[in-house]
Amino acid sequence: MTAHLAPVLRVLREEINARWPHRDRGSDGWIGDAAHQARQSDHNPDRDDSSVNALDVDVDGIDPLLVVRQCIAHPSTQYVIHNRVIWSRSRGFAAARYTGSNPHTKHLHVSVSHQRVLEDSTRSWGIATSTARRLGDRVLRLECRGGDVRELQTLANRLGARLVVDGVFGPRTNAWVRSFQKAHALELDGIVGPATLAALRKATTPPKPQAGRAPGSRTLRRGSTGEDVAFVKRFIGARRCGPAGPDFDERTDAAVRWYQRMRGIADDGVVGRITWGQMGIRVTY
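Following UniProt numbering from start to finish, the sequence shown increments by one per residue and tops out at 285.
Source of the hints: derived by calculation from the structure; they are not laboratory data. In this text the structure is predicted, and so the values were computed from the model without any measurement. None of the hints are false.
As a list, the in silico DMTMM-like pairs of lysine to aspartate or glutamate whose alpha-carbon atoms are at most 20 Å apart:
id : residue 1 : residue 2
1  : Lys-106   : Asp-24
2  : Lys-202   : Asp-137
3  : Lys-202   : Glu-187
4  : Lys-106   : Asp-28
5  : Lys-106   : Asp-166
6  : Lys-106   : Asp-33
7  : Lys-106   : Asp-56
8  : Lys-202   : Asp-24
Now the in silico label distances, taken between C-beta atoms and shown as ranges:
id : residue 1 : residue 2 : range
9  : Gly-126   : Thr-225   : 39 to 45 Å
10 : Glu-187   : Arg-47    : 54 to 60 Å
11 : Gly-26    : Thr-99    : 24 to 30 Å
12 : Ile-265   : Ser-179   : 48 to 54 Å
13 : Pro-243   : Arg-25    : 18 to 24 Å
14 : Gly-100   : Arg-10    : 22 to 28 Å
15 : Lys-202   : Pro-7     : 30 to 36 Å
16 : Arg-282   : Glu-143   : 44 to 50 Å
17 : Thr-129   : Ser-50    : 28 to 34 Å
18 : Thr-99    : Arg-282   : 31 to 37 Å
19 : Ser-90    : Ile-265   : 35 to 41 Å
20 : Ala-198   : Ile-274   : 42 to 48 Å
21 : Leu-159   : Tyr-285   : 35 to 41 Å
Don't be surprised by glycine CBs; every beta carbon is placed ideally from N, CA and C.
All chains, full assembly: derive it from the sequences and hints.
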C-alpha cells in the first residue's frame with residue numbers, strides 16, 4: 001500500500017494553504033526522511049494502512065500560534081511542537097519545554113492519533129475560517145499588535161531582519177520596515193500598506209520549481225540536476241549529502257547507495273521507481 005498523509009492532516013494542510021496562500025513551503029514535510037525511517041516516528045507510514053500521521057508546516061508567512069491554538073482544540077491532535085515548546089494531549093496541552101535535537105524553529109510539527117476514526121476524520125480545524133487578522137487585512141504601523149504582525153515579522157526574518165516574532169510592531173520592526181522601504185524605493189513612512197506589502201510578497205515568494213522536476217517525475221543519477229535532486233539530498237540528510245543543492249554529485253551518489261543499503265534494496269546509486277517508493281514518493285513517469 002502506498003504511503004499517504006492521514007486524511008485529517010490533508011484537511012489541515014488545505015486550510016493552512018487557503019488562509020495563507022503566499023506562505024513559504026520550503027520547510028513543509030510529512031514523509032519521514034532517512035533519519036526518521038531508522039527509528040520510530042509518526043513521519044513513517046503505519047504498518048496497518050501506510051498512513052503518515054505527522055505534518056511539518058513552514059512558519060514563514062503564517063501565524064504559527066494561531067495554528068497551535070486550533071490544533072490543540074482538535075480531537076485528532078496528539079501533540080504539537082514549535083520553537084522549543086511542545087503541547088501534548090497527555091499533559092492536557094499545557095505548554096512544556098521541548099528538548100529534542102530539532103528545536104522546530106523553522107517549522108511547526110503536528111502529530112495526530114493513530115486511531116482510524118481520528119486519522120481519517122475530515123473535521124475542520126477552523127483555520128481557514130478564523131476571524132483573527134491575517135497580513136493584509138489592515139494597514140500595519142507602530143504599536144499594532146496581533147497575528148498579522150507575527151506574519152510580517154516572520155517574512156521580514158526570511159530577508160535577514162532577525163526580529164523577535166512576538167506580534168508587537170515595536171521600534172525594531174518599524175526600523176526594519178523603513179529600511180525595506182528605502183531599499184525598494186517606496187514611501188519611507190514605516191507603514192505596511194498595499195505597496196509595501198506587495199513588495200514584501202514579491203521579495204519573499206520562493207521560485208517555482210522547474211517543470212518536470214518534481215520528486216518522482218524521473219530517474220536520477222550522478223550528473224542529474226534540479227529541485228528533485230535537492231529533495232533527495234534533504235531527504236537523506238546533510239550529514240551524508242551536504243547542503244541540499246541541485247547537483248547529483250559523487251557525495252550524493254554515495255549517500256543514495258547508503259540509503260538503499262539501509263532499506264534493503266539494490267545499492268546502485270540510482271533514484272528510480274523502487275528508491276522513490278521507499279521514500280514514500282508517488283512515481284509519475
